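Please dock the two separately framed chains into a single complex, following the hints provided.
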Amino acid sequence: GAGVSQTPSNKVTEKGKYVELRCDPISGHTALYWYRQSLGQGPEFLIYFQGTGAADDSGLPNDRFFAVRPEGSVSTLKIQRTERGDSAVYLCASSLRSGSTGEQFFGPGTRLTVL
Amino acid sequence: DAKTTQPPSMDCAEGRAANLPCNHSTISGNEYVYWYRQIHSQGPQYIIHGLKNNETNEMASLIITEDRKSSTLILPHATLRDTAVYYCIVFNAGNNRKLIWGLGTSLAVNP
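Each protein sequence line maps, in turn, to chains A and B. The first sequence begins at -18 in our numbering and counts up one residue at a time. The second sequence begins at 13 in our numbering and counts up one residue at a time.
Be aware that a few hints might be false.
Some chain A residues near chain B, calculated using beta-carbon distances under 7 Å [said to hold, decoys possible]: (1) G23; (2) P24; (3) F26; (4) Y29; (5) L72; (6) G83; (7) E84; (8) F87; (9) G88; (10) P89; (11) G90.
Across the chosen pairs, the derived CB separations fall in these ranges [unchecked claim]: (12) A/G(-16) with B/G114: 20 to 30 Å; (13) A/Q22 with B/I75: 19 to 29 Å; (14) A/P42 with B/S21: 22 to 32 Å; (15) B/P19 with A/A36: 32 to 42 Å; (16) B/T38 with A/A36: 18 to 28 Å; (17) A/G66 with B/N35: 24 to 34 Å; (18) B/N31 with A/T57: 40 to 50 Å.
Hints were generated in silico from the structure; no laboratory data involved. These numbers come from a predicted model, not from an experiment. Note that the Cβ used here is the ideal one computed from N, Cα and C, for glycine as well.
One chain only, chain B, in its complex shape (with noise of 0.2 Å):
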């Protein structure tokens, strides 16, 4: 399974942007990069994904490098509900159809 790196923790102004980004260096054709995000006690959520091409939706964009090596999410005016940890994730549609978490990125938002 191809792997993400991401750094442990980051910080961000409210309504700044926040920049989350992940490292998947071994990224196959076929592996679509998914980001979910978990706040405190609560199950994780959804936010965006992509295969090649940068992507949009209310919550956040998806920016994914050419070589498709690493990737970041933006989230781009953070507030305080924004605080939360962000999993960066490979999934493969065809053999291996779980998710397999890393250790993500807690993102603290401040006022």
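Isolated chain A, as found in the complex (with noise of 0.2 Å):
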């Protein structure tokens, strides 16, 4: 089946801008989380959606990140006023027993740079 999908693949953008951030979960998958992975670094938890409501958010690094999944299912990270520093891959993954698993399922990320 297919797996998590993430678009796009590659953002270019300029420092000040807005960007949003699209991921498309396993069929069924109940919670889904955001992490972000700078070069050399593992990945950094920002936020975990149990269903259409943010169970955890406390990785988000301050309030111009915002992550919503009004349906359940599609996921969308924004960033408002892009900086340098927001530059990294912005991962994805979805997970079946609502979270109560380590087991996650993880997209092939999508490359922000912010010039």
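Quick look at the structure:
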């Protein structure tokens, strides 16, 4: 079956602009996670959705970052007033059993470059 | 959160077993050990997990010490396609459902 997909695969933007990153989880997966990964580092947790609601958004670095999952499937990560430090690979993952398992299925990521 | 310690890099000859160690001395009784790997420019991939007992699947084996303070991931016959960064993660499904990632071990499988 189809895995987790993320679009776009690459996004180049200018400092100060607004960007949206999309994640399509595996069908039927109720839990959805966003991470970001800088070069040479492990992924860093941003936010976790259980259904439509954000169950844990403690990893969002500041109020420029926001994520939604209005129908409990597709999620969008939104970054306002982008800064050069936001450049990273943004990873999305989904999980079947309501987040009670650590087995997460990852998408290929969106590489964001802020000039 | 329980933390893990892994060597930054390892080498392995193609066809030989790759044994990747991980220390998790502060692990709690209800926390699992998960292993993921990340091939260059791809998203992480789940490999295996365990609580107390040793586990084996089609990808690897996981050996957890009796005191649970360390574990070893074994790739029995490494191939060039196993070259990746391997992450050992302690996961708590109760209070904290997020994966906390360290720097992992960069495994190079050489021909």
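query: Are there hints from earlier that the structure breaks, and if so, what are their numbers?
result: none
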